[in-house]
Amino acid sequence: KNEVEQSPQNLTAQEGEFITINCSYSVGISALHWLQQHPGGGIVSLFMLSSGKKKHGRLIATINIQEKHSSLHITASHPRDSAVYICAVRRGGSQGNLIFGKGTKLSVKP
Amino acid sequence: ETGVTQSPTHLIKTRGQQVTLRCSSQSGHNTVSWYQQALGQGPQFIFQYYREEENGRGNFPPRFSGLQFPNYSSELNVNALELDDSALYLCASSLDGQNIQYFGAGTRLSVL
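In the order they appear, the protein sequences are chains A and B.
No gaps in the numbering here: position 7 of the first sequence is 7 in my numbering, and each next residue is one more.
No gaps in the numbering here: position 38 of the second sequence is 38 in my numbering, and each next residue is one more.
Chain A with its partners taken away, still in its complex shape:
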């Protein structure tokens, strides 16, 4: 079993829909990251969370430390949101390496 599990693996939505991507992890962490990867490989960091909730534009990330679960929400989805969304956790201190989920491939249709 992977230490970081994401669901769903693939997601197709219509433009304007509210989207939720889930991440569960089984290890103790110091922080959880949500990352966006576009075709061609470049990865952009969206959020880093250690508790509670963060919001940036149409993106919202929440984390429940007790339940070892995080969600990434996209409101009013748009075709440009199409990408792979990856959850990664940091185990240990600030120099600890990241453990990645396999990613959720999101496709938003116009």
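It is worth saying that the hints were derived from the structure and are not from the lab.
Quick caveat, the model's predicted, so the values are computed rather than measured.
Do not take every clue at face value.
Where chain A lies over chain B, by a calculated footprint (3+ residues, C-beta under 8 Å) [unchecked claim]:
id, stretch
1, 36-43
2, 47-59
3, 100-112
Think about it this way: if two alpha-carbon atoms lie no more than 20 Å apart in a straight line, the pair counts; the simulated EDC-like pairs of lysine to aspartate or glutamate are [to be verified]:
id, chain 1, residue 1, chain 2, residue 2
4, A, Lys102, B, Asp85
5, A, Lys102, B, Asp84
6, A, Lys53, A, Glu67
7, B, Lys13, B, Glu82
8, A, Lys68, A, Glu3
9, A, Lys105, A, Glu17
All C-beta atoms, glycine included, are put in the ideal place defined by N, C-alpha and C.
Given the coordinates of chain A, work out where chain B should sit on it, guided by the hints.
This is chain B only, laid out in the frame that chain A set:
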């Protein structure tokens, strides 16, 4: 634009050859991590360098080695390439004491 650059962007090698991938960190960042991402998978941690010393290693064989230079740029070397080494190799830089990592666009390695 993260300020982290990797070279080359694409590379084709044959089995048994050796390869060197390069990463230039964001200015002032003293920590660099290397990851391997196979097709359809999440990145896997290879190793991390902090102030020119290896500071953690994932489950990769010794033929994967690295180097960090005084200017904090970094190299990933892979000897005796195998077909399964075909992947996207990502580097990420960060500053001591901070959690946020900034990723480069990656080097796509194909081993034939």
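To see whether the hints hold, each was checked on the structure:
Proximity of the stretch 36-43 of chain B to chain A, defined as three or more residues with a beta carbon under 8 Å from a beta carbon of that chain, is established by the 5 residues found. Here the stretch 47-59 of chain B counts 5 residues with a CB under 8 Å from a CB of chain A, which clears the bar of 3, and the coverage holds. Beta-carbon proximity to chain A at under 8 Å applies to 8 residues in the stretch 100-112 of chain B; the threshold of 3 is reached and the given coverage holds. Annotation: proposed proximity of lysine 102 of chain A to aspartate 85 of chain B holds, straight-line Cα distance about 18 Å (limit 20 Å).
The straight-line distance between the Cα atoms of lysine 102 of chain A and aspartate 84 of chain B is roughly 18 Å, inside the 20 Å bound, and the hint therefore holds. Distance check on the hinted pair: lysine 53 of chain A and glutamate 67 of chain A sit about 15 Å apart at the alpha-carbon level, within 20 Å; holds. Simply put, lysine 13 of chain B and glutamate 82 of chain B have alpha-carbon atoms about 10 Å apart, close enough for the 20 Å limit, and the pair holds. Straight-line distance between C-alpha atoms of lysine 68 of chain A and glutamate 3 of chain A comes to about 11 Å, which keeps the hinted pair within the 20 Å bound.
Between lysine 105 of chain A and glutamate 17 of chain A, the direct Cα distance comes to roughly 16 Å. Compliance with the 20 Å bound is thereby established for this hinted pair.
Hint check: no violations occur; every hint is consistent with the structure.
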